[in-house]
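Colleague: Sequence:
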Amino acid sequence: MTYLRLKKGHDIGIAGIPEKTYIEAGSVKSVALLPNEFLYVKPKLLVKEGDMVKCGDPLFIDKQNPNIKWASPGGGIVSKIQFGPRRVVQSIEITLDEEESYAQYDAISIADSDRQKLIDKILEMNLWPLIRQRPFNKIADPKDTPKSIFISGCNTAPLAGDNNYILDGCDEAFNVGLALLAKLTEGDVHLAIHEDANSTSLTSNDNVRIHRINGPHPVGNVGILIYHMDPLNPHEVVWTCEPQHVLTLGRAFLTGKYDPAMTITIGGPSIENPGYIKTRVGAPVETLSQGNIKEGNHRLIRGDVLTGKAITNVPYLGLYDTSLSCIPESHERTFIGWLKPGSSKRIYSLMQTYFGSNSSQFSFSTLLQGGKRALIPFNAWEDVLPMDILPNPLYRAILAQDIDEMEKLGILEVVEEDVALCSFACPSKIDLGGAIRQGLDQIVKED
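Each residue of the sequence shown is one higher than the one before, counting from 0 in numbering that gives the first Met the number 0.
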């Protein structure tokens, strides 16, 4: 067991932290899969409206890698396929049967199976999209051999759930999932948990290297963990998996079927009763948030407030979403608000400029407090990024579309979530995360 303690970063003092209690949500009548949330995937539909599907049946494949299929998150009838501009598939909606049927697969022994047989079984069960890779944070290529696999059991993002609480009592399935992942790499499976974690699901297993971590966000991001524990070298890949997806893989190998169960958090300044909800992949956000949002105009976000997506015309959870956040929608700026120090209700100071400025939780809104400005390099980014990467020169290299310089400056070691705090802290209002994705997209396009 090793320890990682970082000082750089910042825990945003946002109001509405989820209480460790489970909230009763409405019954889920429909679910959806969102093909356009998967990076660098070209979907080819395997179903059409009106088709009957079982939970776990394939809904679409990737044209570039037809072996990779996406499992249906529910059993019922394909009620709607929504297309966006240029016929991009935005969502595949399924109205659930009262008694769902499940696609059943033959179980195999993990201990007695070689790596390729296990990969083939995951592909057969349509669960391969649960495994992603760095660099790029795209779905892993089953033909690659990763140098290691990382799982972050300590989500430090704002309003995120505590995996020590979520996974408590899931020892068997979680350990089976870890044993499965351990057979997929010649290196180590790294499991990062909080320094104070005590759930036996996280602390009692023989198939992984456990790292106890502590520090402000983004210490729990897999990109930060990889950088400090097993840094990427050129032409290497590392696979990653969410803790609840490890659980999903373990259950699939125990039962031979896909269980889309998912525990999420709901929180933020606009939520009446923040807490945890036991639901399923692709659940409608209206069902999950109904009766729990304060009066007024608010923005509902799937994911955390730093990297999540505003819910607009596709009101369902994505495959990788483990939280719902809700903040007030605001467009009005306070006149000379910067001249009113000393009140935590008015000013949130990242650098503790005012005494007592961050002494309580803050009701953040969507207001940006200004627009994009000239970039002035005075370490606002560097102070919240716990990596020896120069974000300012990297940003300039992205603007110049200089791929060689981007790679020298470490773009392949980061994705949007790793630099999200830089965007939050930036006095110039620059979306560094969006720029990082722009640079990564260019590299993928050039390959």
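Treat the hints with care, as some may be off.
[What the hints assert, rightly or not] The list that follows gives simulated cross-link-like pairs (lysine to any residue, SDA-like), each with its CA atoms no further than 25 Å apart:
| id | residue 1 | residue 2 |
| --- | --- | --- |
| 1 | Lys256 | Asn174 |
| 2 | Lys53 | Glu185 |
| 3 | Lys6 | Gly290 |
| 4 | Lys120 | Gly25 |
| 5 | Lys371 | Lys277 |
| 6 | Lys53 | Arg85 |
| 7 | Lys428 | Pro376 |
| 8 | Lys444 | Glu412 |
| 9 | Lys256 | Arg114 |
| 10 | Lys277 | Leu253 |
| 11 | Lys120 | Ser108 |
| 12 | Lys277 | Tyr226 |
[As the list claims (entries may be wrong)] So the derived label-pair ranges between C-beta atoms look like this:
| id | residue 1 | residue 2 | range |
| --- | --- | --- | --- |
| 13 | Glu294 | Gly168 | 14 to 24 Å |
| 14 | Thr184 | Val87 | 42 to 52 Å |
| 15 | Glu123 | Asp167 | 22 to 32 Å |
| 16 | Pro65 | Asp113 | 17 to 27 Å |
| 17 | Asp387 | Gly25 | 41 to 51 Å |
| 18 | Leu5 | Glu185 | 27 to 37 Å |
| 19 | Leu44 | Ile442 | 22 to 32 Å |
| 20 | Ala399 | Lys116 | 44 to 54 Å |
| 21 | Gly12 | Asp195 | 19 to 29 Å |
| 22 | Ser108 | Asn272 | 39 to 49 Å |
| 23 | Asp50 | Asn232 | 39 to 49 Å |
| 24 | Lys28 | Leu5 | 20 to 30 Å |
| 25 | Lys28 | Ala399 | 43 to 53 Å |
Hint data in this document are derived by calculation from the structure and do not stem from the laboratory.
Just so you know, even glycine gets a beta-carbon here, dropped at the ideal spot from N, CA and C.
Colleague: Which numbered conditions among the earlier hints are violated in the structure presented, ordered from lowest to highest?
Modeller: Numbers 2, 3, 4, 5, 6, 12, 13, 14, 24, in rising order.
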